[in-house]
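**Q** Required output: the full structure, derived from the provided sequences and hints.
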Amino acid sequence: MDYKKLKAPVTTITRDMSELDAETGNIYESVMIVAKRANQISVQMKDELSRKLEEFAYYTDNLEEVFENREQIEISKFYERLPKPGLLALEEYKEGLIYHRNPTKMDD
130 MDYKKLKAPV TTITRDMSEL DAETGNIYES VMIVAKRANQ ISVQMKDELS
180 RKLEEFAYYT DNLEEVFENR EQIEISKFYE RLPKPGLLAL EEYKEGLIYH
230 RNPTKMDD
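Under my numbering, the residue at position 43 of the sequence shown is numbered 172, and the numbers go up by one with no gaps.
Don't read these hints as lab results, they were simulated from the structure.
On a predicted model such as this, the values are computed, not experimentally measured, just so you know.
There may be inaccurate statements among the hints.
Quick list of in silico lysine-lysine cross-link-like pairs, DSS-like style, CA-CA up to 27 Å [stated by the list, open to error]: (1) K175 <-> K234; (2) K213 <-> K181; (3) K223 <-> K165; (4) K234 <-> K223; (5) K134 <-> K234; (6) K136 <-> K175; (7) K223 <-> K213; (8) K134 <-> K175; (9) K206 <-> K136; (10) K223 <-> K175; (11) K206 <-> K181; (12) K134 <-> K181; (13) K134 <-> K165; (14) K213 <-> K136; (15) K181 <-> K136; (16) K165 <-> K175; (17) K213 <-> K175; (18) K213 <-> K165; (19) K136 <-> K223; (20) K136 <-> K165; (21) K175 <-> K206; (22) K181 <-> K165; (23) K134 <-> K206; (24) K134 <-> K213.
Across the chosen pairs, the derived CB separations fall in these ranges [claimed, not checked]: (25) P138 <-> K165: 17 to 27 Å; (26) M235 <-> S205: 25 to 35 Å; (27) E148 <-> I202: 33 to 43 Å; (28) R199 <-> E152: 44 to 54 Å.
Glycine included, C-beta positions come from ideal geometry on N, C-alpha and C.
**A** Rendered as structure tokens:
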């Protein structure tokens, strides 16, 4: 997933509640959809960061060999500056990029 393409705000902003529940008709259902997607994004981001930082891991017991790695710090700072998973998920929801369905509301 390319997190830079999404125009999600970095900070929390006030949202229009009627805009959020327009698709589902229920604000709680909308919040649950966004929350589940935020959890998925969080796991993806954590895995991606772990894979990138694993390149810098060294498996020695010698504490004297531990030093700061400039690349590792830059990667960490990049992920810290990204919008939080909840804000990314909310932006995806607003743009209609999240597929969701409620089995109890399915028409037979």
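**Q** Now, for every hint given, state plainly whether the structure supports it.
**A** Against the structure, the hints come out as follows:
A threshold of 27 Å between alpha carbons decides the hint, and for K175 with K234 the separation of about 34 Å lies outside it, so the pair is violated. Restraint check for K213 and K181: the C-alpha separation of about 19 Å stays at or below 27 Å, so the hint holds. Note on K223 and K165: the hinted pairing holds, with a Cα-Cα distance of about 15 Å set against a maximum of 27 Å. Taking the CA atoms of K234 and K223, the gap is about 21 Å. The hint holds against a cut of 27 Å.
Pair hint K134 plus K234 does not hold up; C-alpha atoms about 33 Å apart against a cutoff of 27 Å. A threshold of 27 Å between alpha carbons decides the hint, and for K136 with K175 the separation of about 20 Å falls inside it, so the pair holds. As the CA atoms of K223 and K213 are separated by approximately 16 Å, the hinted pair is consistent with the 27 Å bound. The hinted pair formed by K134 and K175 meets the criterion: a straight-line CA distance of about 19 Å does not exceed 27 Å.
Between the alpha carbons of K206 and K136 the distance comes to roughly 19 Å, so the proposed pair stays at or under 27 Å and holds. Restraint check for K223 and K175: satisfied, since their Cα atoms lie roughly 24 Å apart, inside the 27 Å limit. Between K206 and K181 the CA atoms are separated by roughly 13 Å; this keeps the pair inside 27 Å, and the hint holds. Distance hint between K134 and K181 is fulfilled; the C-alpha atoms sit about 20 Å from each other, no more than 27 Å.
For the hint pairing K134 with K165, the CA-to-CA distance comes to about 21 Å; that is within 27 Å, so the pair holds. Between K213 and K136 the alpha-carbon distance is near 12 Å, which keeps this suggested pair within the 27 Å criterion. For a cut-off of 27 Å, the pair hint linking K181 to K136 stands: about 24 Å separates their Cα positions. For the proposed pair K165 and K175, the alpha carbon gap of about 16 Å is at most 27 Å, so the pair holds.
With a C-alpha separation of about 12 Å, the suggested pairing of K213 with K175 holds against the 27 Å cut-off. The hinted pair formed by K213 and K165 meets the criterion: a straight-line CA distance of about 14 Å does not exceed 27 Å. Between K136 and K223 the alpha-carbon distance is near 11 Å, which keeps this suggested pair within the 27 Å criterion. A threshold of 27 Å between alpha carbons decides the hint, and for K136 with K165 the separation of about 20 Å falls inside it, so the pair holds.
Between the alpha carbons of K175 and K206 the distance comes to roughly 14 Å, so the proposed pair stays at or under 27 Å and holds. Annotation: proposed proximity of K181 to K165 holds, straight-line Cα distance about 25 Å (limit 27 Å). In summary, the hint linking K134 to K206 is supported, as the alpha carbons are separated by about 18 Å, within the 27 Å threshold. Taken as a hint, the K134 and K213 pair is honoured in the structure, with Cα atoms around 14 Å apart against an allowance of 27 Å.
A hinted range of 17 to 27 Å for the beta carbons of P138 and K165 is consistent with their spacing of about 21 Å. For M235 and S205, the hinted distance range of 25 to 35 Å is not satisfied, since their beta carbons lie about 44 Å from each other. Take E148 and I202: their Cβ atoms lie about 39 Å apart, and the range 33 to 43 Å holds. Range check, R199 to E152: about 45 Å between beta-carbon atoms, so the 44 to 54 Å window is met.
The structure shown violates the earlier hints numbered 1, 5 and 26.
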